[in-house]
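Novice: Residue numbers (numbering that gives the first Met the number 0), protein chains in the order written: chain A, 0 to 342; chain B, 0 to 342.
FYI, nobody ran anything at the bench for these hints, they're computed from the structure. It should be emphasised that the depicted structure is a prediction, and the values quoted were computed from it without experimental measurement.
Pairs of lysine to any residue, SDA-like flavour, derived with a Cα cap of 20 Å:
#1 K312(A) x R183(B)
#2 K312(A) x V154(B)
#3 K312(B) x A152(A)
#4 K243(A) x A307(B)
#5 K312(B) x A157(A)
#6 K312(B) x V154(A)
#7 K312(B) x E13(B)
#8 K312(B) x Y37(B)
#9 K338(A) x E79(A)
#10 K338(A) x E231(A)
#11 K338(A) x R189(A)
Number of protein chains: 2
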Amino acid sequence: MVMLTSPLEPEHVERIAGAFSDRIEVIFRPDLMPAPRYVADHGDPSWRRNPAQEREWHRLLGQAEVLLDFPQHEPRPLLELAPRLRWVQTTSAGVGPLVQRLGLQDSYLIVTTSSGIHAQPLADFVFAALLFHTKEIGRLVEEQRTRQWNRFAGVELAGQTMAIIGPGRIGREVARIARAFRMRVAALARDCSPGRAESLGVDQVYSRDELHLMLAEADCLVVCAPLTPETEDLLGSDEFAALKPGAVFVNIGRGAIVDEDALLRSLREGRIAFAALDVFREEPLPADSPFWDMPNVLINPHSASTVATENAKIAELFVRNLGHYLAGEVDQMSPLLDKHRLY
Amino acid sequence: MVMLTSPLEPEHVERIAGAFSDRIEVIFRPDLMPAPRYVADHGDPSWRRNPAQEREWHRLLGQAEVLLDFPQHEPRPLLELAPRLRWVQTTSAGVGPLVQRLGLQDSYLIVTTSSGIHAQPLADFVFAALLFHTKEIGRLVEEQRTRQWNRFAGVELAGQTMAIIGPGRIGREVARIARAFRMRVAALARDCSPGRAESLGVDQVYSRDELHLMLAEADCLVVCAPLTPETEDLLGSDEFAALKPGAVFVNIGRGAIVDEDALLRSLREGRIAFAALDVFREEPLPADSPFWDMPNVLINPHSASTVATENAKIAELFVRNLGHYLAGEVDQMSPLLDKHRLY
Chain A
0 MVMLTSPLEP EHVERIAGAF SDRIEVIFRP DLMPAPRYVA DHGDPSWRRN
50 PAQEREWHRL LGQAEVLLDF PQHEPRPLLE LAPRLRWVQT TSAGVGPLVQ
100 RLGLQDSYLI VTTSSGIHAQ PLADFVFAAL LFHTKEIGRL VEEQRTRQWN
150 RFAGVELAGQ TMAIIGPGRI GREVARIARA FRMRVAALAR DCSPGRAESL
200 GVDQVYSRDE LHLMLAEADC LVVCAPLTPE TEDLLGSDEF AALKPGAVFV
250 NIGRGAIVDE DALLRSLREG RIAFAALDVF REEPLPADSP FWDMPNVLIN
300 PHSASTVATE NAKIAELFVR NLGHYLAGEV DQMSPLLDKH RLY
Chain B
0 MVMLTSPLEP EHVERIAGAF SDRIEVIFRP DLMPAPRYVA DHGDPSWRRN
50 PAQEREWHRL LGQAEVLLDF PQHEPRPLLE LAPRLRWVQT TSAGVGPLVQ
100 RLGLQDSYLI VTTSSGIHAQ PLADFVFAAL LFHTKEIGRL VEEQRTRQWN
150 RFAGVELAGQ TMAIIGPGRI GREVARIARA FRMRVAALAR DCSPGRAESL
200 GVDQVYSRDE LHLMLAEADC LVVCAPLTPE TEDLLGSDEF AALKPGAVFV
250 NIGRGAIVDE DALLRSLREG RIAFAALDVF REEPLPADSP FWDMPNVLIN
300 PHSASTVATE NAKIAELFVR NLGHYLAGEV DQMSPLLDKH RLY
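Working from the sequences, and respecting the hints, build out all of it.
Specialist: Printed below as a string of structure tokens:
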């Protein structure tokens, strides 16, 4: 039995249920889930089931072999609640820390993610933010309010260097567009063997040991990495001090990759000219966070990746993986989460 | 004698004067020109020479064979003031209407423009504006002020159609980047022969007769065209009515290509969701223009093309053309203005 644990539009439920209707039963129970707050909302984390709903939910989980998304706030380990579970398809890319928290790293569970689904909207946000800064759009909006026509000379992206941490599906999409803007692109890579820059679609790769060298050249630093033991706290005071002065910083990865106090200091000193942040250590960003009031910070409520077409793409991905799963072609299912690397 | 009639930084004057110092004399007289108001300002149009300055200016013009930029506000026809003049290199691309106004269409004068120099900063502005709208940056800035964390689903550029009027150097640069964002790109072209779309780097070309067809498909319409008899008043009520509802409109060409009253009506009706305007029929935009107060308009004071590196590029271009000019290779000089087509 396939159970959908994320809110989904009827047409996408239909698409999934209809794809292999002779072979599988698909359960979708919106009455046991939070109502979506916006299109492609995968569930309000503050919502709770009442006891009757919870009993029914757990009865269904007990029969599920496949889940679309990990259920949230379960009182007992997932594999106890869902002993028949073999595969979870997630609606997010960055689920490594969740799998670790659920104690599933050493389980037999197959986890496929939606890595790649969000690459294009996230790349859109990176350039929305970068160009908002370089083309001085905020100042133009202010001057328009007061009807000021002040001609000026700006800067162009061509010739600037973008440094990417996390050249995965998202990072490579960002790199490809950056090169279309005639930027030079550098990336931090685990594997820096010859030909690696070319295969990633960047101009130069830097190893972890060379991180500060890469930062010193960056007009724009973009974090696209997942949260793993290797990336947690990767960027602190030393790294921001190593950044090229006046750089733009964009985080579309995860908040815990960054020492937020160090970032705030660099922003206040103007060492980092502008930051666009889609992710934070604590989300929703607490009302008393100093980030809200920073004039050189643009906050996105972790929605840079969310577009109205997302669920259609996830349904297609899920149906493709379902086909492979039913055919026993587990090796064809993708993108597969490496439960130890956590991405 | 080569005379520089546009403000220029000392290093660029040096570069030009030093390139062929044994063969030409280069005259640069900042005391007879307006002081630049910003980097790469090519002259405050409201500035005037006093009578003594004017006499000296005209004495120099009388000896000039080559000019960097057309002088402004001359009391008599240019070729009377500068009878030895053979070639003008301009610092702008869109000088066709000026050449027409100066009555030089049928003269022997060689005019090379700086077409192409501004392509990258202008393309940056097109995507700054488009992404400002699609990623809802204005709303994010407002919500940040009031510390609101409201997750939402946006739209992505991938799969959208961009229609380009004027697929010249600038339009093709915009098209190339649009395709990197995985947009479909259409262009209005005079020549729609087979293979034309491919050679322009777009997905489809439309003839002038098919303009409304192209507009109906456009999620974003970008005007990059020069002002010529063919493009003047090209876009009026009928064209805006033919546009796909909710489209974004960007004008980096010339204001007189557009019926501004019709544009305002379409913006008020929301038929055009958002417009980014770098050019207007009257510049500076008059203080009483309704555009200033439109909530769905972004005004750029005709500075989208201006970057701090512009004069360095113009100096290089001028030196390259000077080399060809001195070698008698007029056919190698570029980009050459077609004085009848006006671009």
